[in-house]
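Hey, can you work out the whole structure from these sequences and the hints?
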Amino acid sequence: MLQVEAVDKSFDGFRAVDGANLTVERGELVAVIGPNGAGKTTLFNLITGQLKPDKGRIIFEGKDIAGLPPYQICKRGIGRSFQVVNVFHRLTVFENVQVAVLSQQGRSINLFSPARKLAIKETTDILESVGLSDKSGSISGSLSHGDQKILEMAIALGNEPKLLILDEPTAGMSPEETLATMELIKRLASTQGLTILFCEHDMEVVFSIAQKIMVMHQGRSIIQGEPEEVRGNKEVQDAYLGGGE
Amino acid sequence: MPDKRIINLESFWWQIAILVILLILPPILPRFYIYILALIFVTALLAMSLNLVLGHGGMFQFHHAVFYGVGAYTVALMLTKTSLPAWIGFIAGPIVAAGFGLLIGWFCVRLSRLYFGMLQIALGSLVWAVVFRWYDFTGGDDGIHGIPMPSILSSLNGSYYFVLIITVICLIAMYLIFKSPFGGTLRAIRDNPGRCAAVGVNVRRHQLTGIVIASFFGGVAGVLFVVLEHSVFPDLMFWVLSLEICIMCLFGGWFTFMGPVLGAAMIVALRTFVGIYTEYWTLILGVTLMLLIFFLPQGVMGYFQEKFKPRAKAIVERA
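Residue numbers (our numbering), protein chains in the order written: chain X, 1 to 245; chain E, 246 to 564.
Hints are supplied without guarantee of correctness; some may be wrong.
In silico DSSO-like links for lysine-lysine, alpha-carbon gap of 30 Å or less [said to hold, decoys possible]:
#	chain 1	residue 1	chain 2	residue 2
1	X	212	X	55
2	E	424	X	75
3	X	75	X	55
4	E	424	X	135
5	X	121	E	424
6	X	186	X	63
7	X	162	X	55
8	X	135	E	552
9	X	135	X	117
10	X	212	X	63
11	X	212	X	186
12	E	552	X	117
13	X	75	X	121
14	E	424	E	552
15	X	162	X	135
16	X	234	X	186
17	X	117	E	424
18	X	162	X	212
Where chain X lies over chain E, by a calculated footprint (3+ residues, C-beta under 8 Å) [stated by the list, open to error]:
#	segment
19	412-424
20	432-439
21	442-449
DEER-style ranges, computed between Cβ atoms [claimed, not checked]:
#	chain 1	residue 1	chain 2	residue 2	range
22	E	450	X	55	26 to 32 Å
23	E	535	X	112	36 to 42 Å
24	E	517	X	139	35 to 41 Å
25	E	359	X	190	45 to 51 Å
26	X	26	E	413	54 to 60 Å
27	X	176	E	439	27 to 33 Å
What the hints contain is simulated information worked out from the structure, not anything from laboratory work.
Glycine is no exception: its CB is placed at the ideal position from the N, C-alpha and C atoms.
In structure tokens form, the structure reads like this:
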């Protein structure tokens, strides 16, 4: 479904992503791991168009999407959430998700029909599936950090993505919240048949739910494979897991 | 759940009451006050149109008066230089203003925040300079005076009613846009343009559409000004006026819908009534603005909305 082939990205001479490769097949739950600064977020930004790659190809459903603007990539079916909370903080939770749903339905330029009547069911369904229904009228800026991260995901779901990219969905969450969020991701993947690509710090979490794992180190992709295969790899152990962990 | 009703009934009746009062005022009040009220309507419409992009779109539309001036000049030129019926001029004004909005906006949306505002001041001043200098066509700094009007609009009461009705229609249209998916998307862009792009919104196209709509209504305000004053002059598109409209939005509360109307009323009243006693009325404006920024950063309307929110909520729950 998604192939990233030998993609490069430099910032002022620093090679943040250096010939990274990644493959995601339909229906898979794929994790990208790597130490801080390994280039995980940069790689995601390249895939979803926030950044343009210097070199390499990004093939999504047979077409090269490298360098397209974010809104076009989104229209092709890649939705994403962000590592740092990135919501519409003055809008309500409901409106946050509705914006995405309306955009998906191509109605966001609609001038005269009242928004309160549009996309109500879709938006309510999404809020229910992530468990934010009771907060739908709250201003999103006033939610707790954990809820805002969930809202991040709900907004991404509003685009009915074929591929959902989650950039550290549990960053800054308590252990209980992390556990609940991972359950949610697993459930979304199985009930809605979503293909999910995510990156995550918590190793236990990653090895427990991901079907494939790609390891990044200093901008390069070291290996991609099943959790067992990755765990046994010598290079990965040296680069990332270390002796003690 | 979101509030299902488009209008709060209580405030709806208030609005009807205010409208009825405004409709029966002309025979009662002296001519001067009728004129001031009509001027407030025109200015309020202008401020509302700016706020569509400034408060709800988060774009620094620093030279909005250009579209006001273009609308006014278009109708003035068509009424004096052609023999076309007046209503064609009235329709052409907003359309030409929207065209200028499209042209200037097309360059501006490529930049963000302050750079957007600076470029707009530059391009807008260019339009002003052309109007100011082109004596043969626009009358230069003299402007155009004694513009012929259809007989129904030549009396003050006639133009008062015309201005009032058009303003109300425009406010309703803007309210519908405010509540439409487009309005919601515009506010989402204001809060977070990057995230909007990531949910598939073409940010620049929405911003440009917003500017075109705002300049259209700015042009309507320009036409209404001509109906009221029967004259135009380059000051209509001078940047000082643009600044004044921005202050109106700030005054009234730029995240509220009706705030700019209040701001416009306050500034026009201040200019008129304090202006009688001293030419330094801007001094009072400055002090008021400072106090406002310190004590009511949300604007006057924003403050009242905040204050009465619990009550408004209770009404919704009761219903």
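Item checked: Unmet hints by their number, sorted upward, for this structure -> none
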